[in-house]
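Heads up: the sequence lines are chains A and B, in that order.
Residues in the first sequence are numbered from 1080 upward in steps of one, following this note's numbering.
Residues in the second sequence are numbered from 3 upward in steps of one, following this note's numbering.
Among the hints, a few may not be true.
To be verified - Straight line, CA to CA, 20 Å or less: simulated EDC-like cross-link-like pairs of lysine to aspartate or glutamate: (1) B/K281 / A/D1158; (2) B/K281 / A/D1166; (3) A/K1227 / A/D1262; (4) B/K281 / B/D88; (5) B/K119 / B/D96; (6) B/K281 / B/E308.
Stated by the list, open to error - To give a feel for the contact side, a few chain B residues facing chain A, derived at Cβ under 8 Å: (7) A270; (8) V273; (9) E274.
Hint data in this document are derived by calculation from the structure and do not stem from the laboratory.
Remember, it's a predicted structure, so these values are computed and weren't measured experimentally.
For each residue, glycine too, the CB sits at the ideal point set by N, CA and C.
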Amino acid sequence: MSLEGAEGVGRALQRVGELLQARGERFHIVVIGGAAVNLLGIVSRATTDVDILAFARSNASGSLRLVPPDEPLPQTLLDASRTVATDLNLDPNWLNTGPAGQWKSGLPPGLETRVHWTEYSGLVVGLVDRYDLIFFKLYAAVDDTGPKSVHFQDLIALTPSDEELVEAGRWVRQQDPSPAIADTLTQVMNYARDFRHRPR
Amino acid sequence: MPATSATDLASEVRDASLQYLWRQWQAIGATVTGTGQANAIVDPEVLILTSLWMLDFEQRLADVTISWVRINSSLLSIQRFHNLCDEFPKVVSDRLSSLATVGMEEGKDLRWKSLRKRQVADLGTRGNKVRAVEVGSPSWATLFLQLRRGIGVGAKADVLTFLIGTSGHQGDWSNVAMIAEATSYTPAAVRRVADDLAAARFIRVPSTADSDRGVQRMYNADPKVWAQLLQVGVAQTGWGYWRERFLFIIDLLTWIQSLSEREVSSYARDVEARELLTKHNAAFLRDRVVDPIDFSGAELGMTYLETVTRTLLNWLTNRG
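Construct the entire structure; sequences and hints are all you get.
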């Protein structure tokens, strides 16, 4: 089963948060992917999982600092997500740290300062900004099957400006400098520009 | 379930449990005034550990427990205390340590030494008034203690007690795992003593080819024969599964108390109620206090927890 739109994603996260709160636990997570584009209201589509990009921890001055997510997830968070998976008939790994590898190659510059925080009881969820989602979605679309891919569709829904596409393209090139990627990247960026200028 | 409803349930559970503990104490020789009688076999170690936990609600349990141990210490299994203690909240092992001092110093029973810790909890007893006598004439309630008196304290008497208490009129069979789980001895120890008991014809093994090859060793005891031998009525057999039931009651009361100390949404309450029901399902399913088919088909949550808890209390009061 999948999470239906922002409401479905929000309900699942709320339940996890309530279980954490009952156990006296509190986690800050930052999510990207389909869950983020739904919760930001950019699209309304089904998604199967919630991708955790980062955890956030308070530093000495009390402000939040993003760190790579714990892998595996802390037991209480994992237990809560599994319980919710059972109750909502979701994949047992619907809450996962799939994008954690992104920390090795680098995050879009300044991402941390643009995170939008929402509280779901004991789970505080940070959504990466639309600007940063353009970077991630462009990268994912380059790596995917073509204009019909969900990542490309999400990229279009994010309505990137030419400047944003250029910035995102430059970042994607840093992630993977191979010539094959360069060609595909150019194609995807051109598609995205064309799509934007097509009459609806 | 609103907070007042949870508090009401806790109050009902506490009252019914205390009333039943008194019945069990009365059945094994404590001089207390109880209402009704204990029908099922009293598990003395579980009764003592549960009573030690319930001291916060009923201080008089300390007086009775200590008085009973002074006189009947030799009938208790220190090994089972060790095996069972970790399943109970930590406060119980601290209090058991205090009781160990009583067992050693007043009961003159050095076996308790291994249960004594450096720091002991104060049991808060009131004087040395005698509140118990030696375990009396045989009944189903005292079967555990009587068989220990006759055979000796140890796994042999306890395995025999379990098999007499569970074989019933249908001649139900138990395997090593079931006996080990219920008596809190290791499977190896259970297998050894059960084979001895079977060889001595104290208990039966099925005469099938599988059993002969030892594929699945099953045992039972003929309750009619044992009832006649021990001169107890045949109708009131029953192991009672007190460990399972009292551990549930302790967890339930602890949990309800915690609800008032935490912020718990109705969803989280339902999940935690389900976890309690799942963890302690044996408290309901043994002796079919709750129909297993109803249980497996039910939506396990707060409402169902309330329902089956009241069913269990009713069983305790009328059949336990």
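To see whether the hints hold, each was checked on the structure:
1. Proposed proximity of B/K281 and A/D1158 is supported: the alpha carbons are some 15 Å apart, at most 20 Å.
2. The straight-line distance between the Cα atoms of B/K281 and A/D1166 is roughly 18 Å, inside the 20 Å bound, and the hint therefore holds.
3. Restraint check: the Cα-Cα separation between A/K1227 and A/D1262 comes to about 18 Å, which is no more than 20 Å; the hinted pair holds.
4. Taking the CA atoms of B/K281 and B/D88, the gap is near 16 Å; set against the 20 Å cutoff, the hint holds.
5. As the CA atoms of B/K119 and B/D96 are separated by approximately 8 Å, the hinted pair is consistent with the 20 Å bound.
6. Restraint check for B/K281 and B/E308: satisfied, since their Cα atoms lie roughly 16 Å apart, inside the 20 Å limit.
7. With 8 Å as the threshold, the beta carbon of B/A270 comes within range of chain A, its nearest partner Cβ sitting at about 4 Å, so the hint holds.
8. Annotation: B/V273 was flagged as interfacial toward chain A, and the flag holds, the nearest CB pair being 6 Å apart, inside 8 Å.
9. At about 7 Å, the closest approach between the beta carbon of B/E274 and any beta carbon in chain A falls short of 8 Å, and the interface hint on this residue holds.
The structure fails none of the hints (numbered hints given earlier).
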